[in-house]
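2 protein chains.
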Amino acid sequence: MRDLIILGAGPAGLTAAIYAGRYRMDTLVLEKAAPGGQILLSASIENYPGYPGGIGTAELMEKFRLQAADTGVVFQTAEAGGVSFEDGAVHIETTEGRFSARSLIIACGAAPKRLGVKGEKELTGRGVSYCATCDAPFFRGKDVVVVGGGDKALEEAIFLCEYASSVTVVHRRSELRAAEILQEKARARAGLKFRYNAVLEEIEGKNLVEAVSLKDTSSGEKSSLSCRGVFIFVGIQPNTSFLRNQLQTDESGFIITGRGMETSREGVFACGDCVSKSLYQVVNACGEAAVAADSAHKYLIKPQKSPAFKPEG
Amino acid sequence: MRDLIILGAGPAGLTAAIYAGRYRMDTLVLEKAAPGGQILLSASIENYPGYPGGIGTAELMEKFRLQAADTGVVFQTAEAGGVSFEDGAVHIETTEGRFSARSLIIACGAAPKRLGVKGEKELTGRGVSYCATCDAPFFRGKDVVVVGGGDKALEEAIFLCEYASSVTVVHRRSELRAAEILQEKARARAGLKFRYNAVLEEIEGKNLVEAVSLKDTSSGEKSSLSCRGVFIFVGIQPNTSFLRNQLQTDESGFIITGRGMETSREGVFACGDCVSKSLYQVVNACGEAAVAADSAHKYLIKPQKSPAFKPEG
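Chains A and B, in that order, are what the protein sequence lines are.
For the first sequence, our numbering assigns the number 16 to the initial residue and increments by one for each residue that follows.
For the second sequence, our numbering assigns the number 16 to the initial residue and increments by one for each residue that follows.
These are computed hints drawn from the structure, not numbers from a lab.
Do not take every clue at face value.
Where chains are identical, the list cannot tell them apart; a pair therefore holds if satisfied intra-copy or between any two copies.
[Stated by the list, open to error] Okay, derived cross-link-like pairs now, BS3-like style, lysine-lysine, Cα gap no bigger than 27 Å in a straight line: (1) Lys221 / Lys237; (2) Lys292 / Lys313; (3) Lys200 / Lys317; (4) Lys78 / Lys157.
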């Protein structure tokens with residue numbers, strides 16, 4: 016039986032793999048699609064330390080993958096459908112069969128949250144998008160709306176200015192949450208406008224997006240804004256439904272962890288965007304992943320050592 | 016008054032600076048020497064995610080520094096001698112005068128621990144060293160001893176093989192703590208030997224190191240090993256004496272923090288090698304630093320906002 020399964024190959028999963036591989040743990044990395052994770056929904060990243068001026072996310076994730084592969088860990092494409100715990104081992108049911116190991120690191124990330132408004136589901140892929148990097152070129156010379164007020168919303172709004180003729184950021188509050196540097200960059204963009212205190216109530220269109228219905232949160236006044244694209248960045252939801260409540264999570268499904276990234280079940284650790292925490296960034300996902308791999312390593316060597324072994328300190 | 020002072024410009028301090036600068040906090044970074052920190056005691060780093068094949072630590076730290084400087088934060092060379100808290104502000108007494116700010120991130124790192132044996136202090140710089148990167152070239156063609164069994168000890172022992180004619184790793188336990196990949200690399204080196212269950216009791220020599228006295232922890236037998244260099248890697252001690260017990264620390268002086276990297280004093284945060292934790296690596300120091308900067312930013316905007324402001328969520 017393997018020492019460790021890592022679920023997910025985004026920044027957290029790949030960092031855990033780098034550390035586990037260097038500890039020479041027999042490690043299998045399961046990823047439902049290509050390595051990279053949610054960060055690939057952005058074109059580039061400016062705040063990962065070590066890359067002044069920023070780096071393309073695909074290039075950065077390929078570096079992570081290479082660094083993990085260099086340590087000898089094994090990668091397998093498979094989507095987890097369920098997990099069970101028997102005989103001191105972890106068993107993962109996937110699209111490619113069952114995989115078992117003595118310990119588990121969950122780094123399965125998160126996905127963009129849906130707004131839940133009328134027209135959103137029907138028009139996804141027909142003007143509604145959660146990935147500017149993927150879809151921006153389809154909106155060359157067109158008017159688009161961005162929903163949200165955090166870092167991600169502004170980063171993507173700025174990126175969309177390269178293609179769209181106008182970008183309107185719709186935010187439900189009177190102030191943005193995004194880092195000031197992003198607010199400055201956004202304000203400096205011609206063609207980028209802001210609608211504060213506004214919520215999107217409906218996305219209109221027959222086969223393609225034609226307009227959005229907005230409501231002013233102060234006056235209650237309703238209005239319609241013509242557009243061809245709606246990019247939604249209103250937070251994330253963890254990819255943890257396959258766990259079926261077998262680990263302690265917060266009310267949104269983010270996994271509760273201790274300082275060593277241990278979960279409520281022995282031998283199971285979690286890191287990255289699927290855990291409950293105050294900041295969702297690549298660099299702290301990676302830091303948590305190193306800690307998770309170290310904790311898994313300590314967990315595995317502990318019960319097996321001869322009585323002569325004494326932990327350091 | 017400034018928003019934030021960051022003490023230290025190693026990986027943690029520089030990452031905190033990148034984040035604080037991007038939040039447009041008015042930030043001063045104080046560093047006693049050149050930016051880079053303790054990591055510069057190693058020549059290269061292989062496990063910082065994003066650099067397959069490894070990168071020189073000086074090159075990596077220059078990238079961090081550039082990325083921080085690009086955000087507009089201000090750097091000042093000054094060594095902190097004391098800290099006080101008055102009128103809701105933090106005041107740092109330094110070799111270059113007094114600096115004040117509304118919040119503080121302590122990222123002052125750690126320094127190599129001394130063994131505390133006879134001859135160690137007297138022969139430091141005369142054969143006793145805590146930095147292979149700095150001193151290895153002085154031991155070309157000579158016999159050296161490395162004390163320790165963790166990652167750092169093996170990394171440096173491997174590096175020393177490039178210069179020394181023999182490298183003997185002396186470790187007090189029967190097994191190494193270092194990552195398996197490092198143990199494999201070390202065992203593959205001709206000229207690298209191990210002495211397990213051995214403690215170093217004295218470093219001998221008149222003006223320069225001539226030998227070390229060893230004691231076998233099982234048999235109690237004593238022996239002498241001729242050598243010209245002794246490289247000591249037995250852990251770290253935090254650079255926190257300037258705090259003079261004004262923050263809660265563990266018994267070794269490492270600062271106790273919460274999940275948001277907050278310390279026992281409001282408005283004061285800590286990250287990196289100076290905090291109490293299970294793993295001391297560059298990548299988790301950086302992750303903690305991003306969290307510390309985010310927490311400082313939240314702390315600063317909280318009491319100042321108009322009543323209309325509501326935190327997200």
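Status of each hint after checking the structure:
no.: 1; hint: Lys221 / Lys237; verdict: within (21 Å within a copy, 88 Å between copies)
no.: 2; hint: Lys292 / Lys313; verdict: both (23 Å within a copy, 14 Å between copies)
no.: 3; hint: Lys200 / Lys317; verdict: between (51 Å within a copy, 24 Å between copies)
no.: 4; hint: Lys78 / Lys157; verdict: neither (35 Å within a copy, 38 Å between copies)
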